[in-house]
Amino acid sequence: MTAPTPGPAPALAVHDLRIAFAREGADTRPGAVGDGGVTEVVHGVDFAVERGRVLALVGESGSGKSVTAMSVLGLLPGTARATGRIEIDGAEVLGAPEETLRALRGRAVGTVFQEPSSALNPVFTVGDQIVEAIWAHHPETTPAQRRQRVVELLEAVGVADPRRIARSYPHQASGGQLQRAVIAMAISNDPTLLIADEPTTALDVTVQAGILELLRDLTRRLDTAVLLITHDMGVVADVADEVAVMEQGSIVETAPTRQLFAAPRHAYTRSLLGAVPELGVRSRGPVPADEDAGTTTAAAELVDAVVTFRGSSGTTTAVDHVSLRIEPGEFVGLVGESGSGKSTIGRTLSGLVPLTSGRALLAGIDVGTARGSTLRRARSELGLVFQDPASSLNPRHTVGRSIADPLRLHTDLDQPARRARVLELLDAVRLAPALADRYPHELSGGQRQRVAIARALSCRPTLLIADEPTSALDVSVQQQILELLRRLQAELGFACLFISHDLAVVGELTTRVGVLRAGRLVEQGPTATVLGDPQDAYTRRLLAAVPVPDPERQAERRRRWRELAETS
Amino acid sequence: MKKPPRALRVLGVVAAGLLLVSGCNANPSQSSSNQTTAATKGGDLTILTSSTQLNFDPAKSQSLAITSLGLVLRRLTSWETSPNAPTKVIPDLATDTGRPSDGGRTWTYTLKDGLKYDDGTPITSEDIKYGVERSFAPQLSGGLSYHKSLLVGGSSYGGPYDGKQLSSIETPNDKTIVFHLNAPYGDWPWIVSMGAFAPVPKAKDTNPATYGNDPAASGPYKIDKLQQGVSLTMSRNPNWSQATDQARTAGPDTITFKMGQDETVQAQALISDSGANATSFGADFVPAAQLAQAQGNPQVGNRLVTSADGALNFLSMNTQRGALKNVKVRQAFNYAIDRKAFITASGGSVSGDPATTLITPGIPGRQVYDDYPAGDDGDVAKAKQLLSESGQSNLKLTLLVSNQPIALAQAQAIQQALQRIGGVTITLRPLDDNALSSAVTQGNGDYDLYLGSWQPDFPSANGNIQPLFDSSQIGNGGYNTSRYDNAKVDALIKQATGEVDQTKAEALWAEADKAIMADAPVVPLSYAKNSFLHGSKVQNFFIGEFPAYPNYLRVTVSR
Amino acid sequence: MTFARFVLSRLAGMVIVLLAIALISYLIFYLLPANPAQLSCGRPCTPDRLAQAEAFMGLDKPWWAQFLTFLGGFFVGRTFGVGGTAIHCDAPCFGYSFRLSESVTQLIAERAPVTFSIAIGAAVLWLLLGVSTGVASALRRGSLIDRSLTTLSVAGVSAPAYLVGLLGIFLFGFTLNMVPVGGYVPLTQSPVQWLWHLILPWIVLALLNAAIYTRLTRGEMLEVMGEDYIRTARAKGLREGRVVGRHALRNVLIPVATVFGLDLGSLLGGAILTEKVFAMQGLGSLLLDAVGNLDLQVLVGVTLFSAFLIILANVVVDISYGLLDPRVKAGG
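Residue numbers (the working numbering), protein chains in the order written: chain A, 1 to 568; chain B, 569 to 1127; chain C, 1128 to 1459.
Derived from the structure by calculation, the hints contain no laboratory data.
These figures come from a predicted structure and were not determined experimentally.
No false leads were mixed into what you were given.
Residues of chain A clear of chain C, computed beta-carbon distances all greater than 12 Å:
id: 1; residue: Asp16
id: 2; residue: Gly90
id: 3; residue: Asp241
id: 4; residue: Pro328
id: 5; residue: Gly329
id: 6; residue: Glu483
Footprint (simulated), chain B over chain C, 3 or more residues, beta carbon under 8 Å:
id: 7; region: 1176-1182
id: 8; region: 1289-1299
Even for Gly, the Cβ is constructed at its ideal location relative to N, Cα and C.
If we strip away everything but chain A, and leave its shape as in the complex, we get (with noise of 0.2 Å):
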């Protein structure tokens, strides 16, 4: 809890706030208080950000932090209750008028959400956008002066081709480029205090690094309080003062940011920082195979694969010359940014995408030339785990039949043998067997993706792809899920190709690491040796924007990020 401040009040200050939904239907949510007919969600929450500052409210799915970050803008849901204080500068924001709030909004208190391509308005352009952001608070204003003020602000947020940015459409745009628009949406009436939920989570790690260099520079310069809600310990890393740990609708510890990183007090936030991936710690898979492995068939390869599309826009090159060996029991990385290439390539391998030319083998079989019996013989070598349990699933089908229905195609076991290899197989991913006859909406998205998981083995597969499949999942629960996978792969013997955009990630678990941009295959070799001592500009520039969770050398990292980036 932080003491009372004296001198000038704080932008933000929140005192005991609670806020509760009234019920529609039966809400589980793990820690709810039910009280007739309403679930509280955040339990008396006291903090304050002053300006100039950045604090970081951290928690995980359902702790309650954006439904916090929600009540300071009077944006709640109309089903929710909100009782507390929150104060703006000072004044009482908790119950005050509809109209003081919206005089609020956007300009004492500037907003910053997750999703960049999301938070604009399909239909009107980026500049008409923040056109109405200073119309809205300064009508009086002209046009004239209102299109001059959006060029200035999207200078002011590094975006480089500002006019012509304010002349797009959000669809034209890049990620990092919409999100620095709404940044300076958000900066555009000079706000006492800026909201920032999980303003990276959406976005490519080099263009993260990029957002939360301005974030912090923003700060400094207009002197701004921002509320950074995230649950990204390396994000927090680099750019909180002070951090505001949420657990289930309370805060369970406040502190300055290197103390709480030094020195975490409570259970959760050492639990929190434990399971952060931590880049450049060595993996111990099995050592890379030798030079021999030629001779042997490998698990998968691909030989100098090119894949085209044909867009409107003409022919784009997805896949460009990848030659790429995946050993029987190999564990291997595939590392680049949306749009790099490298989900096309595991789709190539399985035959859900033709290749332009060069060839791709699935245990010595060309998937691209083989038909009927051996096409699915093929097939059945290779298991699939992606990336959002969710919509993988067939959601009319049990969990069992949705494990056992590979067997059902590739084997000829019987309805009993089924059963009893999707019991094994749950029990292999730590489920309990009761759960074959549940739904996918009846479990959580870490037990789905331990489903899909038991589905792509049910068939002793040689390969495993699994692309992006932490992604959508909490830090704790991504870390279960990567641990399951390592002990699964060191048990069962399969090949892994881990598709990833988390560098971290890809460091603990794989033995050998390729790294992808615009197609191009940039560096491959041993993932300690490309981590550790990367020969290509491009894997240097992504490794050093990765924050690490631990601010002494993230500050460091930053230093030597700007440098990089001014280089290249």
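Knowing the structure of chain A, use the given hints to seat chains B and C on it.
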């Protein structure tokens, strides 16, 4: 537009854009307003019709002498209808109804003096001849065509537009016209009351396709404005003289047809009697729901006019098919029929009365008889007996019927009645009206039974008998749907047709009626009745004995 | 793909579809057991008179020859009959109605304004009505207004147009005597009377069709109001009216415009029941008459015209989609 389903008439009427086509004998009853008062001059009359097209080209029109076309176009003869007397043929443009010679093969007419078109030009016999000639042109076909096969050379004549004339029509002077026929034809005076015998000045027929939009008017009205599908307005023809015209009273100053009026809306408008509806009448039959509504309300009931017995509904039995070739089978069916059930299915007693003869009530010379007395609901025992005598058993027959709801109900009544005999199975085969008429009038007669309806185009027994039972009318578009072929009857028809003496002709037709029914090619079911509504200020709105339609020529509007 | 290529490819597709429709119309017509010549043969109809009528109408030739003649008429016009009675139909000739003594092109030109007047007025009305009630319903989700509007829209979707039209006429026409019970007055003749006669049909059609739009708008609105950019719009301090009216509605209108374009397109081809009840001679009643009277030329002509309108509506929807939603580019 569409006929009330009950009047499932044979082919003839199906096409007609006008519903003012044909009629049947009728003895007015039921209506308190079906009476005549002194003709009032003036006022504006409105006629509501569901038809979306009004055609005033005399060659193409199937309109009766006493309906819309008759207001504008006079012919050589016209009809005098009355609620209390048989319809008479009366002189119109001509001084008399025709002078036969050569045993009924040649007919001569003289025009009255002082006849003029609306533009003041005199009407000549040449114009009548030209009007008849142009009705032969293929592009102007579609009207009543009885004259086309009667006039000498008619079957090979193709109209006047390529310069040819029809030599069997002579015009020795401006006042006289002479027709030469292939055979004696006693009903010729009725034939020259049809549209084709209206005068058409050749000079005005510059565009035959659109002549009907504004024809040279010889009647008391001329067409002022025609918006096809919307409305037609006519006003007085200043050159018409009442003194030369005994068929028309020309009461209203203007007459407006409102087209495309939905039957239900139309009837509802007339029931409401508001505004212009008080001076309106409906050209369509009143739908069942509004009929019941009108009958239940005395204020409205006295503006409802129901005709007496009209069109003959009958069951045709294909006399050239299987068991139906056997006269005893056909007679059995005549006994088994349940006319009460049939009339109930048709809409009750307001829709018609039981029929036992072929010549319909109101036609001169009709004799009432019942060869197969079956009571109200049939004599099943007699039918069983006749069927067993016939030696036929286990009959499986198909009944062709229109797919309109009332026709289907009627067909079901017939089906149930005939199946009571035992060993008879009737299958209904509903068809679209157009398809139905093609099925029975064309081809080789691939059907057993057919539910038909017939109204003569002119009030002579000839119109009842010849089209339905002359062997020349089998297939090829003819309406002999029972495919009845009896040389004796053919001869009798020929003799009656040629008889110029009406009394003798009537006796011959009555003889033919009975001769045909002895062979029982059809089961007469009912004589249909038509009901019409008019506004409270409409007077002299009556339905004569024939046809079962109001006489437009005498309707007036009260002040 | 460039815009010009997009338009060209759509036009080519349109021509193929229209040809197919014409061909199918002909085929269906010739499978019918009825003979259209019989209807214009007169009564009684002798075999030689029938043959004459068939020859005049061109029905004596095989169906494919007739179809080719029909297509040819398109480019070079047609002549029916020979000599003094011949009727000429200048190119582009969509056919000639013997029954109505007018070319199909002329008939469509006469009837289309009636149907267009009904359709466009009603469509504008139902769009306004449907969208506003849909928005109101969505914004007050679960309220009395929402529930009554939902119930009413179910009633609207399921009510038959003919019946509602009749009820409207009985109530406002006969009982209250507020509006004319039917008929059409051309706009050029009297704009006031035009409006006066169209009010009731517009309202009836609008009430029936608005229901679909209420439901569509409500659903879309509920979805859009949950979007991130609505939260952003609120967070920048916009008034709720502007959030709904500008940010939400603009996105809701994209799917609504699609449905609207197609609905309007098919209605422009003829509002059969409405035209019948209100005694308006538009394309719908023309088509209905043509079917009843076996008027093949009119049947095919009007069917083609209606199909053309529907296809055109599709193209317009596609293009307007690109205008309404910057993410969609023509042909993309």
